[in-house]
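> Here's the letter readout for the chains.
Number of protein chains: 6
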Amino acid sequence: MANAMLLPVLLSFLILPFSAMALTQDFCVADLSCSDTPAGYPCKASVTAGDFAYHGLATAGNTTNLIKAAVTPAFVGQFPGVNGLGISAARLDIAVGGVVPLHTHPAASELLFVTEGTILAGFISSGANTPYTKTLYPGDIMVFPQGLLHYQYNGGSTPAVALVAFGGPNPGLQITDFALFANNLPSPVVEKVTFLDDATVKKLKSVLGGSG
Amino acid sequence: MANAMLLPVLLSFLILPFSAMALTQDFCVADLSCSDTPAGYPCKASVTAGDFAYHGLATAGNTTNLIKAAVTPAFVGQFPGVNGLGISAARLDIAVGGVVPLHTHPAASELLFVTEGTILAGFISSGANTPYTKTLYPGDIMVFPQGLLHYQYNGGSTPAVALVAFGGPNPGLQITDFALFANNLPSPVVEKVTFLDDATVKKLKSVLGGSG
Amino acid sequence: MANAMLLPVLLSFLILPFSAMALTQDFCVADLSCSDTPAGYPCKASVTAGDFAYHGLATAGNTTNLIKAAVTPAFVGQFPGVNGLGISAARLDIAVGGVVPLHTHPAASELLFVTEGTILAGFISSGANTPYTKTLYPGDIMVFPQGLLHYQYNGGSTPAVALVAFGGPNPGLQITDFALFANNLPSPVVEKVTFLDDATVKKLKSVLGGSG
Amino acid sequence: MANAMLLPVLLSFLILPFSAMALTQDFCVADLSCSDTPAGYPCKASVTAGDFAYHGLATAGNTTNLIKAAVTPAFVGQFPGVNGLGISAARLDIAVGGVVPLHTHPAASELLFVTEGTILAGFISSGANTPYTKTLYPGDIMVFPQGLLHYQYNGGSTPAVALVAFGGPNPGLQITDFALFANNLPSPVVEKVTFLDDATVKKLKSVLGGSG
Amino acid sequence: MANAMLLPVLLSFLILPFSAMALTQDFCVADLSCSDTPAGYPCKASVTAGDFAYHGLATAGNTTNLIKAAVTPAFVGQFPGVNGLGISAARLDIAVGGVVPLHTHPAASELLFVTEGTILAGFISSGANTPYTKTLYPGDIMVFPQGLLHYQYNGGSTPAVALVAFGGPNPGLQITDFALFANNLPSPVVEKVTFLDDATVKKLKSVLGGSG
Amino acid sequence: MANAMLLPVLLSFLILPFSAMALTQDFCVADLSCSDTPAGYPCKASVTAGDFAYHGLATAGNTTNLIKAAVTPAFVGQFPGVNGLGISAARLDIAVGGVVPLHTHPAASELLFVTEGTILAGFISSGANTPYTKTLYPGDIMVFPQGLLHYQYNGGSTPAVALVAFGGPNPGLQITDFALFANNLPSPVVEKVTFLDDATVKKLKSVLGGSG
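Chains as they are written, first to last, in the numbering used here: chain E, 1 to 212; chain F, 1 to 212; chain C, 1 to 212; chain R, 1 to 212; chain G, 1 to 212; chain B, 1 to 212.
Honestly, I wouldn't trust all of these hints.
Same chains, same label: a pair holds when it works inside one copy or across any pair of copies.
[Claimed, not checked] Each computed DSS-like pair below joins lysine-lysine, with the alpha-carbon atoms no more than 27 Å apart:
1) Lys134 x Lys68
2) Lys202 x Lys192
3) Lys203 x Lys192
4) Lys44 x Lys192
5) Lys68 x Lys202
6) Lys134 x Lys203
7) Lys68 x Lys192
8) Lys134 x Lys202
It should be emphasised that the hints constitute simulated quantities derived from the structure, not laboratory data.
Taking the hints into account, I'd like the entire structure generated from these sequences.
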């Protein structure tokens with residue numbers, strides 16, 4: 001009864017501060033139609049629960065390709081709900097014999113959860129060029145520090161699956177071979193900066209779709 | 001042959017800059033025997049590949065408890081390799097009927113991967129108190145913004161499992177009911193700040209091990 | 001005289017670098033008509049001294065309401081001058097018997113200056129659920145760490161006033177009771193995630209304007 | 001009864017994860033006996049509620065001095081509870097005719113609440129050297145962007161008091177006159193970098209306790 | 001041959017993930033036609049190699065002015081490629097007898113490389129007003145902490161040149177004399193906040209183009 | 001005279017706040033004898049002007065080696081004054097025909113000033129593997145975004161020299177060839193993650209001092 005009496009008063013309390021606070025930023029779902037900024041995309045005006053969930057990692061990636069592996073990203077470009085939240089995800093499918101070749105994520109550290117199969121993974125420190133390698137089984141996790149070269153490959157006789165999280169909404173993915181061979185960087189330049197010979201460079205350019 | 005001749009020269013190049021650069025910080029595995037700092041623990045002097053992998057999430061948590069759920073953390077305290085890397089992990093096991101009660105992570109956003117079962121999850125915005133709720137199936141992911149109240153419960157008829165990543169090495173976990181009832185905060189204070197009645201507060205204090 | 005002669009030269013010095021540097025960002029007063037970004041609002045083009053001062057905290061908030069208290073914010077939404085500057089403010093008025101109920105600020109720590117009356121304040125740690133409580137008198141200050149549950153209530157026999165600062169321009173305010181009861185989150189869900197009984201949940205939903 | 005039965009189970013749940021989580025960093029009260037780090041002091045091992053409150057701003061500073069003003073800081077050095085929390089405070093007392101001379105805070109923006117008297121305050125932008133000045137009365141607030149030159153003086157006929165918050169635990173305070181004249185920087189150097197004449201520099205060095 | 005066969009498969013791999021990842025933010029060249037944000041300018045849509053190089057520091061600045069020195073900036077306003085990258089540059093030319101007067105950079109630390117001549121440089125700490133001064137020769141570097149007052153002058157008998165880097169894309173430059181005397185801040189205010197006498201203030205206002 | 005009278009009063013003002021503020025952190029020169037932390041080294045207790053200057057870049061590096069180039073770092077390990085200041089430096093000497101091979105800096109963007117000779121430099125974006133290449137002459141600057149693969153080589157007929165700044169005190173340097181070939185990572189692993197053939201891998205391991 002007392003409560004019923006107080007209700008109108010309380011509601012006026014509710015209405016005032018909360019309309020005044022309508023600008024509070026709990027989250028900032030990316031409006032991908034706008035230009036990005038150094039801190040992420042501008043926020044979408046109207047948001048629903050669907051913006052915070054993503055189904056694209058439920059399906060296995062297609063591993064019928066040269067590397068017999070697929071990386072399915074849920075970065076801010078695919079999953080705008082992570083914009084500004086300091087986290088994103090990906091799914092890794094690696095067929096028997098498959099590999100995620102040597103690569104870096106320039107903008108975030110990576111945390112890998114193995115859910116199926118056996119994954120051989122490693123990263124290399126910059127200071128001393130020390131390799132840190134592990135054989136990972138379902139349930140194991142491994143962390144790869146930001147910006148360091150690392151790789152994963154299927155070390156078993158069944159397909160491997162891993163879920164991957166990144167400590168940033170847009171970690172990037174730079175695969176060394178693609179950076180070197182899947183573009184028009186002239187072969188002499190590639191040779192100069194890698195010490196690879198001309199035949200090797202030209203062969204890999206041909207395989208990976210590069211020119212020059 | 002030319003290469004063989006150049007080898008000593010090159011090695012002197014290798015040795016000089018790399019001994020000079022021995023202090024480069026690619027990572028900073030926590031030395032948990034030291035005091036923490038606002039940016040994380042001091043770095044351990046000697047590191048191996050094992051510091052970057054963790055096996056503690058491979059085993060299901062014990063859900064034989066009141067909430068019929070278990071949160072198994074791989075934060076910096078359990079997995080020192082994530083120190084300074086902006087990421088950490090946890091495993092969530094929820095039996096049929098189980099729940100991870102209303103809680104926040106004060107220091108990081110959360111990203112949940114459902115691997116088994118059905119999870120009903122939601123968070124509540126601060127500005128407008130809007131609930132954002134989803135039913136999640138295996139393969140689905142959902143993001144929970146830093147510091148906002150959220151919950152997960154098993155919405156199906158089989159046990160549910162989720163892997164969880166956080167955008168920080170030490171996200172914290174504040175379960176509202178435990179904060180209110182699992183300590184010696186006097187009942188009149190709890191009642192005053194929650195509008196709950198004395199009987200409810202005392203009952204929950206009794207259930208959750210609090211006093212006062 | 002010498003100075004007078006040098007004046008034209010100097011002015012050309014002034015004009016060149018300073019027109020070139022017209023883009024220097026000393027501050028970034030929010031243009032609230034634009035979309036927010038994860039780092040704050042885009043900067044307003046034309047700025048005056050008035051953008052850096054705010055008068056809205058000079059007047060006591062209206063405490064004639066259920067909680068007998070009022071929080072008057074000077075966040076970026078009310079005081080656009082703080083955008084990007086890592087600080088904001090609020091005023092707290094608490095009548096005799098009034099309370100700022102259990103709440104968090106997801107995006108900043110809080111620093112409270114008591115200017116009138118007696119305030120009982122406390123926060124609860126996440127790890128061990130330890131309450132940290134103090135009785136504060138005029139001139140006392142207290143700090144509440146980011147994201148942790150806390151409360152303030154008038155512990156005296158006269159009205160209490162506090163000035164509050166936050167270590168961010170948009171700290172957010174999530175009042176636990178409002179998050180649970182002032183919306184349409186279904187009662188069975190609220191009960192599940194809080195262990196409150198149906199009658200308690202329905203009563204509080206009714207008092208706080210919620211449904212479901 | 002059901003609850004009573006479940007209690008032991010629940011407590012085991014409580015004990016396991018929470019002892020495991022004893023390292024969670026909700027806060028990091030400074031251990032001032034340790035060396036500082038770029039992110040703040042190492043955390044004190046044992047903490048009480050008293051670490052989060054501070055009484056040093058309750059008393060007026062002594063304004064019987066040349067500037068007829070006193071700045072009483074509650075930075076991390078005086079109030080170790082703010083370490084790592086992105087906020088700190090100070091109290092400003094300005095007698096009639098008193099002034100806080102031209103100064104900067106290199107490491108945080110400032111937010112000033114006037115509680116008594118009239119304060120004339122201003123800051124100067126770097127790009128265009130534009131002054132932004134305001135006359136502030138009790139209840140008014142003003143923000144001073146990080147690193148920019150600013151000042152406050154008593155513009156009325158009664159003592160003025162202000163509470164000040166900073167968006168960092170250790171903002172620093174560099175008073176231009178003290179930086180120039182209250183040390184042993186040789187007068188010719190001071191003259192060269194300020195265009196002041198020798199007599200002016202020597203007089204101010206004498207007044208402010210400098211030499212050379 | 002095997003490779004040739006696999007090529008179409010691989011290319012489909014290349015095309016899928018990389019079109020999906022077209023939003024990856026490796027860099028964010030400033031679109032200076034947009035409003036700035038607290039984290040920098042929105043990113044330009046179309047980028048070429050020319051956006052990452054800048055020629056404006058190749059030419060000596062004109063030192064025929066009162067201070068016999070020139071600061072040529074390559075901040076984000078001149079060199080949009082540094083937007084969001086945490087670095088920028090400038091060139092310093094100081095004729096014999098020239099000086100870069102007392103100044104601060106509110107938003108970044110500075111690193112100076114001397115390439116020609118002799119530069120006397122110093123900064124002053126805020127806490128104890130301690131001057132830290134050095135005579136620098138070609139090849140020497142010196143670092144000036146963010147926000148602290150510092151200066152450089154030619155200490156030799158030939159022109160001096162330095163290249164300067166800043167740990168931020170938009171460091172700002174606040175020259176104390178220009179902040180005080182090159183605007184319309186009233187002389188009595190300047191005198192009050194600096195303890196300079198009226199004649200000195202008015203003379204410097206006249207020299208530096210100020211009024212009032 | 002009035003000033004002389006006020007002097008004792010003022011000095012008491014000086015002494016009080018400045019002893020109280022002895023903890024202000026204007027800078028944090030690294031104490032390299034302590035463990036690093038994620039935010040940098042603990043601060044050295046006693047500091048002189050010499051801590052902020054460094055002479056190690058004044059001398060040309062020795063380019064009599066396989067790559068005909070030398071990178072001389074002034075990172076926090078060599079130049080402890082930059083600790084916590086968000087900037088560091090290096091000197092690059094490249095003989096005719098020399099090259100700084102493909103590499104990344106995992107922890108900072110790079111800004112290169114060419115001071116002598118002609119440098120061909122480039123980086124490769126991660127998203128689209130686009131090369132961004134430039135020929136740089138004395139006075140030119142170029143920026144290389146954090147974590148992206150890049151290279152520099154002498155493109156002229158005289159020795160080349162560049163000064164380099166990094167937007168962090170400890171940027172790291174990971175040379176791809178050294179990461180792959182200058183350690184004991186087994187050849188089959190290297191082949192798997194790079195698509196290089198066994199002969200190439202073994203030859204480069206031999207040249208660069210690796211085994212396995």
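> The structure should be examined with respect to each hint, and the outcome stated for every one.
Going down the list of hints, with the structure as the test:
no.	hint	verdict
1	Lys134 x Lys68	within (21 Å within a copy, 34 Å between copies)
2	Lys202 x Lys192	both (13 Å within a copy, 18 Å between copies)
3	Lys203 x Lys192	both (16 Å within a copy, 16 Å between copies)
4	Lys44 x Lys192	neither (46 Å within a copy, 32 Å between copies)
5	Lys68 x Lys202	both (22 Å within a copy, 25 Å between copies)
6	Lys134 x Lys203	between (31 Å within a copy, 26 Å between copies)
7	Lys68 x Lys192	between (30 Å within a copy, 12 Å between copies)
8	Lys134 x Lys202	between (33 Å within a copy, 23 Å between copies)
Against the hints set out earlier in the document, a violation occurs for number 4 only.
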